[in-house]
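Visitor: The lines below spell out each chain.
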Amino acid sequence: MQRDVGSLPLAPALRARLIAAGFQTAQELLETGPCGLSKEIGISKEEALEALQVVRQECHGGAAGTAGGSGATRKCTALELLEEEQAQGFIITFCSALDNILGGGVQLTKITEICGAPGVGKTQLCMQLAVDVQIPECFGGVAGEAVFIDTEGSFMVERVADIAAACVQHCQLIAEAHQEEDHLKALEMFSLESILSHIYYFRCRDYIELLAQVYLLPDFLSEHSKVRLVVVDGIAFPFRHDFEDLSLRTRLLNGLAQQLIIIANDHKSAVVLTNQMTTRIGQSQSTLVPALGESWGHAATVRLIFHWDNSQRAGLWRMILEAQKNEDNPSRNSWQRYTNHRVRRSQPYHITLHLMASEMCSLQLSLRM
Amino acid sequence: MCCSARRCNQEMNWEQFDLNPKVVAALKKADIKSIKEILNLSGADLQRLMKLSSADIQCLLKTVSHALRRNSMLTALQLYQDHLTSQHQKLSLGCSVLDNLLKGGIPLEGITELAGESSAGKTQISLQLCLCVQYPYKYGGLESGAVYICTEDIFPSKRLQQLIEQQRKMRTDVPAEIIQKIKFGNSIFVEHAADLDTFHNCITKRISLLLTRGMVRLVIIDSLAALFRCEFGASDSVTKARYLQTFGAQLHSLSTRFRTPILCINQVTDAVSELEAAQGSCSVADNKAYPALGITWANQLLMRLMVSRVPQPERSPGAASHHSGSVRTLRVVFAPHLPPSFRYYTVKLEGVKGIK
Numbered sequence: 001m002q003r004d005v006g007s008l009p010l011a012p013a014l015r016a017r018l019i020a021a022g023f024q025t026a027q028e029l030l031e032t033g034p035c036g037l038s039k040e041i042g043i044s045k046e047e048a049l050e051a052l053q054v055v056r057q058e059c060h061g062g063a064a065g066t067a068g069g070s071g072a073t074r075k076c077t078a079l080e081l082l083e084e085e086q087a088q089g090f091i092i093t094f095c096s097a098l099d100n101i102l103g104g105g106v107q108l109t110k111i112t113e114i115c116g117a118p119g120v121g122k123t124q125l126c127m128q129l130a131v132d133v134q135i136p137e138c139f140g141g142v143a144g145e146a147v148f149i150d151t152e153g154s155f156m157v158e159r160v161a162d163i164a165a166a167c168v169q170h171c172q173l174i175a176e177a178h179q180e181e182d183h184l185k186a187l188e189m190f191s192l193e194s195i196l197s198h199i200y201y202f203r204c205r206d207y208i209e210l211l212a213q214v215y216l217l218p219d220f221l222s223e224h225s226k227v228r229l230v231v232v233d234g235i236a237f238p239f240r241h242d243f244e245d246l247s248l249r250t251r252l253l254n255g256l257a258q259q260l261i262i263i264a265n266d267h268k269s270a271v272v273l274t275n276q277m278t279t280r281i282g283q284s285q286s287t288l289v290p291a292l293g294e295s296w297g298h299a300a301t302v303r304l305i306f307h308w309d310n311s312q313r314a315g316l317w318r319m320i321l322e323a324q325k326n327e328d329n330p331s332r333n334s335w336q337r338y339t340n341h342r343v344r345r346s347q348p349y350h351i352t353l354h355l356m357a358s359e360m361c362s363l364q365l366s367l368r369m
Numbered sequence: 001m002c003c004s005a006r007r008c009n010q011e012m013n014w015e016q017f018d019l020n021p022k023v024v025a026a027l028k029k030a031d032i033k034s035i036k037e038i039l040n041l042s043g044a045d046l047q048r049l050m051k052l053s054s055a056d057i058q059c060l061l062k063t064v065s066h067a068l069r070r071n072s073m074l075t076a077l078q079l080y081q082d083h084l085t086s087q088h089q090k091l092s093l094g095c096s097v098l099d100n101l102l103k104g105g106i107p108l109e110g111i112t113e114l115a116g117e118s119s120a121g122k123t124q125i126s127l128q129l130c131l132c133v134q135y136p137y138k139y140g141g142l143e144s145g146a147v148y149i150c151t152e153d154i155f156p157s158k159r160l161q162q163l164i165e166q167q168r169k170m171r172t173d174v175p176a177e178i179i180q181k182i183k184f185g186n187s188i189f190v191e192h193a194a195d196l197d198t199f200h201n202c203i204t205k206r207i208s209l210l211l212t213r214g215m216v217r218l219v220i221i222d223s224l225a226a227l228f229r230c231e232f233g234a235s236d237s238v239t240k241a242r243y244l245q246t247f248g249a250q251l252h253s254l255s256t257r258f259r260t261p262i263l264c265i266n267q268v269t270d271a272v273s274e275l276e277a278a279q280g281s282c283s284v285a286d287n288k289a290y291p292a293l294g295i296t297w298a299n300q301l302l303m304r305l306m307v308s309r310v311p312q313p314e315r316s317p318g319a320a321s322h323h324s325g326s327v328r329t330l331r332v333v334f335a336p337h338l339p340p341s342f343r344y345y346t347v348k349l350e351g352v353k354g355i356k
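If you read the sequences in order, they're chains A and B. First residue of the first sequence? That's 1 in my numbering, and the numbers climb one at a time after it. First residue of the second sequence? That's 1 in my numbering, and the numbers climb one at a time after it.
Careful: at least some of the hints might be erroneous.
[To be verified] No more than 30 Å apart at the CA atoms, straight line, and that leaves these computed lysine-lysine pairs for BS3-like:
no., chain 1, residue 1, chain 2, residue 2
1, A, K45, B, K33
2, A, K39, B, K22
3, A, K45, B, K51
4, B, K51, A, K39
5, A, K226, B, K62
6, A, K268, B, K62
7, A, K39, B, K90
8, A, K110, B, K62
9, B, K29, A, K45
10, A, K45, B, K62
If you're looking for bench data, these hints aren't it; they were derived computationally from the structure.
Taking the hints into account, I'd like the entire structure generated from these sequences.
Guide: Okay, structure coming up:
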């Protein structure tokens with residue numbers, strides 16, 4: 001970016017004019033923009049744009065992995081791909097049951113879709129992942145940052161702050177137990193403020209804004225190279241109304257899926273999407289299925305479907321709440337303790353997952369690799 | 001940020017964008033007028049229509065996306081620390097116990113549902129909110145009026161009058177001079193909409209007018225289910241779902257544009273099938289009442305609250321006997337920022353009050 005104007009591969013006459021006008025570095029040229037440049041030097045806008053394109057290519061020529069289909073295809077063997085995939089990190093959720101089912105956690109470079117009825121905990125899991133992606137490497141995390149694209153307005157920052165505080169506390173407990181120097185050092189940088197400052201939040205109010213945001217994501221991720229998680233909560237909401245032309249919707253969703261897969265791969269990030277459930281009316285009965293249709297079902301690598309498990313009745317839920325209440329500090333709200341430890345495997349009552357919503361629910365996983 | 005919705009639909013003067021003149025010429029030749037048209041087309045379609053290279057098209061897509069989404073990023077820390085426009089602000093219910101359940105009150109953006117069996121207290125709570133919204137920000141209000149849409153019953157104006165007269169007794173946290181200055185009756189707008197078309201008209205024209213003028217900052221709909229009861233049989237579920245999604249999206253968009261809470265009152269039905277039971281997250285309570293309108297509506301909600309009349313539990317002799325009038329429960333069924341919990345409350349002359 002600090003390249004001298006004189007060394008850029010532009011036409012000599014143009015170079016001379018730029019230097020005469022006082023431009024010294026490539027950075028200055030890029031900052032001025034085409035309109036400003038054409039005015040200052042007295043060239044046409046078209047020439048200014050082409051010149052800037054050349055400058056950009058020169059400056060970013062060394063950068064690896066630019067998306068957008070530019071040129072060189074990569075050749076490698078299946079073994080290399082397997083090794084690469086096994087070396088990929090996982091975003092751990094601190095719930096061993098969920099992590100086990102996922103094979104270690106939410107996988108980087110893949111799209112994971114979370115489906116479920118309203119209130120089951122999809123947004124909660126996304127918020128938790130946005131915190132867990134930041135866990136330092138010495139604690140088993142990927143030390144990344146998160147992008148959170150919110151289409152429903154359900155991102156409540158006070159809840160994220162609770163989850164973040166609990167995560168820091170959890171890591172502090174681990175550090176105290178092990179007393180290792182790198183743990184303590186990592187904890188210095190891992191605080192509520194630092195976690196919140198590394199969650200990049202975008203609010204998209206309709207599908208056009210969502211499409212535009214996804215077009216801009218590759219550049220954003222190039223600038224913020226530590227991002228390891230992109231959440232879109234939820235993908236269904238903007239696409240499920242006002243679409244008379246369903247083929248347009250299918251085409252847009254396919255395009256979106258393709259772009260997200262490229263982003264996941266190029267930037268070594270996990271992409272997590274949440275989807276709604278809808279009723280499919282069968283011949284004899286109706287079932288709940290993920291929304292957005294059959295073809296959307298192929299977009300995600302891993303699809304998690306959360307159900308309410310109605311065989312677990314109210315009695316059991318209350319029993320568990322009671323037990324936790326009596327455990328240590330009775331004046332503390334049992335919910336606080338429960339959810340401050342986010343997704344936890346409940347022992348010894350049941351193997352099924354307790355999500356932050358704290359209702360009993362079971363996990364049904366359909367893997368599509 | 002709210003004007004970007006118009007920006008993507010409006011006709012653009014492409015010259016004002018940082019675009020190569022040949023791209024501008026191609027846009028004009030292909031008769032593409034708005035950003036929405038560009039983003040609706042795929043890269044390949046755009047290449048074909050405008051006869052440009054893929055690099056040019058990528059550049060075009062990024063430029064228009066940037067124009068739409070400039071400055072749209074916030075970090076979570078900024079959201080957390082910004083107290084003026086932030087999510088910390090909520091609409092209080094006028095009672096500290098109930099506000100405590102909701103961690104402040106009703107969120108300002110999004111649709112909140114209040115469901116429950118009849119005479120559980122839904123109307124009482126909504127009338128109370130119509131008054132609470134008129135208080136200054138300092139006392140949990142939004143310094144503005146409310147619009148109440150009735151779809152079946154007539155508006156309970158007598159009860160409203162009672163509540164207005166008793167405000168000083170109800171809101172002991174607010175100085176009397178402030179309560180006196182507020183003309184409660186003047187800022188509550190009542191609309192009637194008995195069928196779907198009238199309702200649609202109401203939302204798209206009348207309510208958005210009131211919101212644009214800043215005259216209201218609370219919309220109450222009592223109730224949405226009534227509109228669907230007569231007109232839709234079992235076979236019309238697809239049409240019904242479409243209406244619900246459209247209304248939901250419109251309400252959602254109004255709520256976000258004007259930072260105005262929307263409270264929808266809903267009735268409950270008994271679960272008819274396994275499917276409905278599977279959708280519901282209400283299995284915790286011993287009663288099997290499920291909010292009407294199914295999963296299509298539930299998908300539109302930010303927060304669901306349920307009220308019910310609680311059968312009086314066995315109380316120890318020392319318990320306060322003045323609560324022996326019917327005790328009700330306000331329960332959080334789901335919310336992104338709240339655990340499922342509940343509080344007891346009673347309906348008194350001066351309003352709805354939680355029990356500690």
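Visitor: Could you tell me which of the hints above the structure violates, numbers in ascending order?
Guide: 7
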